[in-house]
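**Q** Chains B, C, D and E: place on chain A using the hints.
Here is how the chains run, residue by residue.
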Amino acid sequence: MPAGVSLYEILTVSTLLFFIGVYGFVTRTNLISILLSIELILNAAAINFVAVNKYLYPDMLQGVYFSVFIIAVAAAETALAISIIINLYRLVTSVEVKETETMKY
Amino acid sequence: MDFSSLLLMRHELVLTIIMLLLIIAEIFVSEKHKKNLVNLGIILFAIHTIFVLLPLPEGTLFGGMFKTNMITHFFKSVLNLGVLILLLQTGDWLRDKVANQHKTTEFFILIFSSLLGLYFMISSGDFLMFYLGLELSTLPLTALAAYESLKQKSSESGIKLILSAALASGTALFGISMMYATSGSLYFDIMTVSASHLTILGFLMFFSGLAFKISLAPFHFWTADVYEGAPISIASYLSVISKGAAAFILLVLLFTVMKPLQGVWTYLLYGIALLTMFTGNLFAIRQQNLKRFLAFSSIAQAGFILLGFLSADQLGATTVIYFVMIYVFSNLGAFGVVQAVSNATGKENIDDYNGLYRTNPNLSLVLLLALFSLAGIPPLAGFFGKFFLFMAAASQGYYFLVFLAVVNVAIALYYYLLVVRAMFLRKSDTAIPYFKCKPMMKLGLVCSVLGIITIGLYSPLYDYIFKISISLFE
Amino acid sequence: MDFTYTILIPLIPLIVFLILGIYSLKIKEKAAGIIGVSGLSVSTILSLYTAYQYFFHVGKVDGVYQPFVEKTVWMNFTDTLAIDMGVLIDPISVMMLVVVSTISLMVHLYSRGYMHGDTGFTRFFAYLSLFSFSMYGLVLATNLFQIYIFWELVGVSSFLLIGYYYTKPSAVAASKKAFIVTRFADFGFLIGILMMGFYTGTFDFLTLNDTAALQDMNSPIMQNAGITFMGFSVITTALVLIFAGGAGKSAMFPFHIWLPDAMEGPTPVSALIHAATMVVAGVYLVARLFPMFYFVDDGAALQVVAYVGAFSSLLAAVIALTQHDIKRILAFSTMSQIGYLMMALGVSGYGGDEGLGFTASMFHLFTHAMFKALLFLCAGSVIHAVHSNLLQDMGGLRKYLPITHITFLIAALAIAGIPPFAGFFSKDEILVAAFQNNPLLFWVEWIVAGLTAFYMFRLYFGIFWGKDRVYEHAPHESPLSMTLPLMFLALMSATVGFIPFSQFVSPDFVAYSTHLHWDVAAMSVGIGAIGILLAWVMYKKETTIPATISSAFGFFYKWTFNKFYFDELYLFITRQIIFKRIAQPFAWFDRNVVDGTMNLIGNSTVAISSKIKGTQSGKVQDYAFTFVSGIVVLVMVFVYFMN
Amino acid sequence: MDILSLFVTVPILTMLVLVFTRNRKQVRLVSLFGSLIQFGMAIHLLFAYKTERAVNTDIMVFVKDYVWFEQLNIHYAIGVDGISVAMLLLTSIVVLAGVFISWKVEDLAKEFFISLIVLATGVYGFFISIDLFTMVVFYEIAVIPMYLLIGIWGSGPKEYAAMKLTIMLMGASAVLLVGVLGIYYNSDADGGPLTFNILEIAQVNIPFEAQRIFFPLTFVGFAVLGALFPFHTWSPDGHASAPTAVSMLHAGVLMKLGGYGIFRVAMYLLPEGAMDWSWFFIILSSFGVVYGALGAIRQNDLKYINAYSSVSHLGMVLVALLMLTKTAWNGAILQSLSHGFMTALFFALIGMIYERTHTRDIMKLGGLLKVIPFISAIYIIAGMASLGLPGFSGFVAEMNIFVGAFQHPDLFRRIATIVTVSAIVVTAVYILRVVGIMLMGPIKNPEFNVLPPSTWYERYGIFLLLLPIIGMGLAPLWLSDMISASLTPFIAQFENIKYLSHGF
Amino acid sequence: MERIIFYILSAIIIGFAIASVTSRKILRAVVYLLFVLIGVAGFYFLVGYNYLAAIQLTIYAGGIIVLFILSVLLIHQIDNQMDVASLARRAVVGIACLLGSGVTLSVIWSHSFPKPAAGSQATEVASIGKGMLSYGEGGYILPFEVITVLLLAVIIGAIIVSKGIRLSLKNY
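Protein chains in written order, with the numbering used here: chain A, 8 to 112; chain B, 4 to 477; chain C, 4 to 646; chain D, -9 to 494; chain E, 19 to 190.
With the rest of the complex left out, here is chain A:
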C-alpha cells in the first residue's frame, strides 16, 4: 500500500467525489450531464471498495472484483440510459431535464 497514505484520506476523496456527483445530479439541466454525475458517484463507490480491500482485507480480492462488476454495470446502465435519452431526443429534439416534467402531482 502507498506509504503514508491513510485509508481515511482515500475515503475522504471518495466521499467528496460522491457528493460532487450528487451535486451535479441535482443541479445540471441536461440529461447527459446528469449521467456524467452518476459516473462520478459510481466511481466514488468503486474507489471505496478498492481502498477498503487494499487497506483492511488484502487477503481476498472481494472489493476488487466488486469494482470490476461495478464498472461493467455502469457501462450497461449508461448505454441503456443514453438510448432512452436519444429516443426522447427524437421525440422532442431536446435533452433538457425540463422536458421530463410533464407528469407531476
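No lab work stands behind these hints: they were computed from the structure.
Backbone N, C-alpha and C fix where the C-beta goes; we use that ideal spot for every residue, glycine too.
Be a bit skeptical, because a hint or two may be false.
To be verified - Derived DEER-like restraints, expressed as beta-carbon distance ranges:
#, chain 1, residue 1, chain 2, residue 2, range
1, D, Lys15, C, Thr600, 27 to 37 Å
2, C, Val76, B, Pro364, 54 to 64 Å
3, B, Lys470, E, Ser145, 38 to 48 Å
4, B, Ser199, A, Val99, 45 to 55 Å
5, B, Ser8, E, Ser104, 17 to 27 Å
Unchecked claim - Over 10 Å on every C-beta distance to chain E, these chain C residues come out as not near it, computed from the model:
#, residue
6, Asp5
7, Glu32
8, Lys63
9, Gly116
10, Tyr167
11, Pro257
12, Pro294
13, Gly398
14, Trp449
15, Ala524
16, Lys544
17, Leu603
18, Phe628
19, Ser632
20, Val638
21, Val642
**A** Same frame as chain A, but now just chains B, C, D and E:
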C-alpha cells in the same frame, strides 16, 4: 461441487432456457405468426411455474454466493404465479397493440430477465450477487418503461426510472462499501456486523437502495410518475412483483445479516412506515389517473408492510410474506381491470369509470373486490393480512403506531371508495360501453379474484409459511 | 270470599276497546253503541255487586274493613323489587269503583245521543272503553308501579279523547298540552316511585301503609326516612314528588293549565274524565298513601298537600268568576272543588273522629262526581241545543229545555252547598275538618264556598233566565237518551248526601259516626245563600252591575279574566326558553360544532393533500435531492441523536 | 353443521342463490324465503336455548370452537347466551320485515337484496361469535354494505352521507381494533397462553394499567356505532339518506352491535377499566340522552327526528350499561331490543308515508289520520311505544333502566339518572309534535286528499314489528328472565373487583 | 513519494470532478470526466491493482466516454451553452452536499479501522482470471454469468427503445 447440485438453481436455469427458446423462436417464426409468440411465451412460463413448484432441498452454491431454501423457493413460486397472472392480463395488449412492432419477444425476454434478477436477489448469498440481482431486475424494467417509444410519457418515465435507479444503486454501493469496511466481508454468512456509526451510515445508505425499490418515503417519488408513463403491465410488475421481492429480501437481510442493528432499524422502520403510509394516502386522495392512484396506494401498502418487520420474530416474518402474497393478488386484480378497460377504450381516469357497473358489472365487481381487499375489508384476504401486520406491531407494544396505521386504513378506505363510488353510485351518459374481455384476460382476473377470496380464509397456507420461514432464523 | 272476579271489571272494557278499536272503520254506529254500553253495564253491575258484598257482608271484620288482595308478579326488577299486577279491594277502591262505574255508564248512555251521527262514533266509544279500562285498573291498583302504569294509560286515553276532533287545531293543541303537562308531573311521580322503591324496598301499598311499621321508629321505612337526599328526608321528598304527579292529573296549581283547554273535547268526555273520575285520581293517590303521608315526618308532605289544595281552590274559584265559556267555568269549578278535596286530606288526622277530613274528602269526591258530571252533561245538552259554548249566546232557555233546566238547578244547588242536596253534607264535613285543624284554611274555603255559589248561579241565571238570544233555530230539549242520565244523576245529587259515609270510609278503615256541626253548617249555608242572592241580583235580569263592577276592578278583572296569565307564562317558558333558547341552540350546535368537527377532519385531510402536492414536482432532480437529503437526515438522526 | 353456524351459512347460501336469479320476482321470492328460514331458525333457537339452558349451566351454550389460525391463536368460536339469543331473534325479525318493506325495489333489485343479506350475515355472525377476531371480522362485514346500500338506493345527499357513515364507522373500528389487540396481548397476564376467546380472557385478571388504557378505546370503538354523543353525527345524515329497509336494519339492528359489543367485550373483559372510566362516559351518554331528545324537537324531517330519538334511546342503553347494576343491564338489553323493533317500525312507516306523499317534511303534511288511517294509527301506536307508554316494550325497558340505575347508591349516578329520566318528557314533546302536526290537524296539501291505502306486504312488515313490541310490553317476564339469567357472569366479573368499594 | 502522487491524483480527481459538474459546455464536461476517470485509474495503479486500472481505462475511458461523446455529437450539443440552475438552487444543493459530506466524513474519521491483516492476494491477471472463472469459495463465475445476462438484457432493451420509432412510423 457436482453439477447435480445445480438443480438447486432450477428456477433460474429454467427461466434462462425459456429466454433462449424465445429468442430462437423469434428467429424461426415467420412474420404472420408473430402473434403466436405471445401464447408461446405465456405457455412456456406457465410450464415453468408449474414445473418449479416441485419441492427443493436447501443448499448453498458457489461458495455461499447463492443460497436457496424452502422459503426462498416458496417465494420465487409466488413471484412466478404473480408474473403468470400478469402475463395473462398483458397478453391481449401485446398481441393487439404491440405485436406488429416486432417487440413481443423482447418484452418477454426483458420481463423474464428482470424476474431472473429478482430470483438472484432473493437467493443472493453476498452483496455482489445482491447488487447484480438488483441491477438485473431494474435495468430491463427501465427499458420496458420506455417501451412505447412513440409516447413521450413513456420515455420520460423510462428516464426517470433509470436515473433514480442509478442514483439509488450508487448510494447503495457506497453504503455497501462502508459495511464492507466495517464488517470484513461481503458474504452474508461471514461478515460480522457491529453497531458502529460507520456501519449505521453504510446500512442507511444501503437501505435507501432497497427502500427505493419498495418505494418507501422519502425514496418513493419516482413511483407515481413512472407508473403513469409506463405501460400498465410494467406499472403492475413494478408495483407487485419487484416491490414484493424487494420487501422479501429486505426482510431476509434485516432478520439475518442486520440482526445486530435491530436497535437501529426498528426505529428506522417505525418512522419510515408512518411517513410512507401518510404520504401514500394523502397523495392518493386527490389522484384522477388510476395508474397514479394505484401507485400511491401501493406506496401506502408498502408502509403497512413495514409494520410486520417490527416484531422481529417468526410470526412477523410469516405475516409479512403472507401479506405480500395477498398484496400481489389484490393489486394484480386492480391493475388487471384498469388494463382491460384501457385496452378496450384507452380511458384511465376515475371519472371515466362513472356508471361502469351498469355497463360492465363483472369488471366492476373484480375491481371492487380488489380495492376492498387492498382497503382491508373482511372477508377478503386483505383484511387478514392487515390485521396480522397490526398484531405483529402490537406484539412489541407499538399500539400508537398501530392506531395511526388504522387511521390510515380509514383514509385509504376513503379513496378506494371514491373509485367504488364512480363505478357503482354514479350514473353517466358517457359511461364506458359494454365490452367483452378476451379469455386470457378473463383467466388472469379470475385467478387474482380467487386469490383475493381464498388466501385469507384458508389458514393452512399461513401455517405452511410459518413452518418454512423457520429457515430464516437458524 | 275472594274478589278475583273483580279482574273482569277492567278486562271487559279492554275487550270492548280492542273490538271497537281494531274494527273501528267497519262497525256501524248502532252496534258500537250497544257493544260499548252493554260491556260497561256489565262492569257496573259487577262493581255494584262488589260494593254490596264488601260493605255489607264480607268486608267488615269486627268493625274494621279488611283489604283483599289478588296479585301476580308481572315483572321482576331486583330480588326484592317487582311489579305486581292485581286488584286491591278496600273501602276507597270500592267507593271509587262505584263512582267510576256510575258516571261512566251514564256518560256512555248520554253519548249515544250526544255523539249521534258523528263519523267517529265507533272510535269515540273505543276511546271511552279504553278510558274505563285504565280508570278501573288505576282504582284497583295494588302497588305504586301498577298505579303508575294505569296512570299513563289514563293520560293517553284522555289525550285521545281531548283530541277527538283531531282536525281542529285547537283540540290538537289542547290534547298535546294536557298530555305533556301531566307527563311533566309524572316525571316527578316516577322519580318519587324510584326513591320510594329504593328506600322502602317495596312498591306494595299494603306494605307501605303498614301503620305499625310507620309508627315504629326502628322499622326500615322510618330508618330510611331519616336519610336525607339533597337536604330533605328521602321519604318525604318521595311523597311530595308523588303528590306532584297527583297534582298534575288533578290539575292542582301549578299544573292546572291543561284542564280548561281540555274542554276542547266532546262534552261527555269532559263530564267523565275532567269532572268526575280522572281528575280525582290525584286525590285518590294521596288517599291511597294516606298513612305514609300522615306518619312520615309528622305529615310534612301532608301540609304541602293541604296548602296546594287550598290555594288551587281559591285561584280557580276567582278565575271562574269572570269566564264566559260555560264549560271552562265548570272546569275551573272542578279544579276548585278538587282543591277542596286535597285540602281536606291535608287537614285530616288519623283514626276515629280525627279522620274526618279523610272521610269528608272521599265523601265530597263521591258527591262532587255526581253533581259535577250532571252539570257537564247539562251543559252538553245546552250546547247541543244552541251550538255554542259562550254565555253571551245563551239566555232564557228554561222554557226550551225544561228537564235540563231543573236538573241543572239541582246540581247548582248541590254544589253551592244548599241543604238537603248532596253537596251540603260533604262540603260541610270538609269545612268542619278544616275548622278543627287549620282555621286559616277554613276561612279560605269558606270564602271559596261563597264564590262557588256565586259563579254557579251566575251561570245558571245566565243560561236559563235573562232574555232570549237570536238562535238560528229554536232550541229544543235533547232526546231521551240524553235526558235520562240527567234525571238519574239529578236524583243522585239530591239524595246521596244522606249516605252515612263515615260508616264506610275512614283512614284506618274503622267505621265511626259523624254528626252535623250546626255552626259551621250555618256559616257555609249562609255564605252560599249570599252568593246566590248576589248572582240573582246581578244576572237574573240584564243589568249593568257586572259591567260596572268589572270596570271598577279593571286591572284585577283583566288578570282574572286571563286566568292570571298562567298560559302565557308557560307558553313563554316552552316556546321562548325551551324551544328557542335551548333546543334551537342545541340543533345549531349539533349541525355546526359537532358535525362541523367531523367534516372538518375530513376536509382538512383533503386540504393537506392538496397542500403537499407540490413536493411531487415531477422533477427527477428534486426527487434525487430529497433522496440524498433524506439519507443525510437519517444518518444525522441515528448517529448524533440516537446513540 | 351446528345450529349457530347455520345463522351464517344460510344467508350466504341465500346470496349464492340470489346470484343466479333471473328476474325481480325470483329475487323477491328467494330473499323472502331465505329470511323466512332465518326467522324460523331464530324461533327454533329460542326454544332450543330454553331447553338447553335448563340442563346446561355454562356461561355460553351451543359452544363450538374450531382452530383457525393456529400460530395466532385465532379460533372460529361461537356460542350464545340469553342476550345473544334475543338479539338474533330481533335481527331475524327486522330482516324479514325489511324484505317485506323493500318488496317494491325496482333498481338493481338483486344487488340490493344481496347487500342487505350481507349486512344481515355480518350481524348474525357478530352476535354468535365469542372470539374477538371473528367479532371484528363480522363487525366490518356488517358495516361495509351500508356504503353501497345508501349510496346506490338512497336519496338526498346520499354520496356524502354514505361516505361519512362508512368512514366514521371504520374510523371507530380503527380505535376498536387497537383496543382488541391490547386485550389480546394482555390475555396472558396470569401466565396462561394468549387468546382471543372472550370466555377465556374473562378468567384472566388483566392488569389495571392495561384496562384503563384499553377500556376507553374499546368502548368508543363500539359506542360510535351506538351513537354516543359526540360521535353520533353519522346517524342523522345516514338515516336521512338511506332507503327504508336500510334505515330499518341499520337503526334496528346494526346500531345494537354497539351496545352489545360494549357489554360483551369492553365491560365484560375490562371491568376495572369500566369502573375507572364510567363516570366520564356516564356524563357523555346521559347528556346524549337529553341532547338527542332536544335535537329531535327542532327537526322537521321525519327521518332526522327518528335518528335523533335513536341517539336519545341508545344513549339510555349506554347509561344503563354504565350504571353497573343487574337491573339496569337487564333494562339496557331490553331497551336495545325494544328500540330495535320500534325504530324499525318507525322507519318502515316513514318510508310508506314518503312513498305516498314524496316528502318527509312534517310541515308539508297534515291530517294524514283521515287519509291513511291505518298507517297513521300504527304511527301513533309506535309513537306511544317510543315515549314509554305502559303496555309496550319501551316502558318495560325504561322502567328496568330507571329502577336499576336508582339502585346504585352514589349521588353522581343519581343525578345522571334523573337527567336521563327527564328525557321521557322531552320525548313526549317531540313525538306529540309530529303526531299533532302530521297526523292530526287539517290536511295542508290538497293533493294528499286521496292516498293509496297500505298494501299486504306493508301490513305484514308492520305486524311483524308491532307484535314483539306489544308482546314484550304485555308479558315481559319470559324475556327479561331469560336475559337477566344470563347476566350473572357479568355480575361476577364486577364482584371480583368489589366495584362498590371503588365508589366515587 | 507515493504520498505526493496520491495528493496530486486526488487533486486531479476532485478538481476535474467539480469542473465536470459545473462546466457549461457538455463536451468539455465529458472530457473533464475522462480526466477524473484517468485519475481514478491512476489511483488503482498506485494501490497496485493494475488489472483493475486497465479495465478502468479500457471500459470507462475507452468505452463509456466514447459513448458519451457519440451521443453528444448525435444530439448536436457540442458547442451550445447549457443553461445552469438558478443560483439559489445551486447554493442550497451545494450547502446540502457540503453538510452531507461533512457528516459522512465525521463518521468516517471517528471510526477506527482494524489493523490490516498480513499477507496479500496475488493480483496478477492470471490469478484474477482464475478467480473470475472458479466456482468455489472466492470464485466469481456466477456473477460473471449473471452480468452476461444483464448485458444481453440491456442490449435488447436498448434495441427495443430505439427500434420503436421507425417500424411504428411505418405501421402508423
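**Q** Of all the hints numbered above, which does this structure not satisfy? Sort the numbers upward.
**A** 1, 5, 18, 19, 20 and 21
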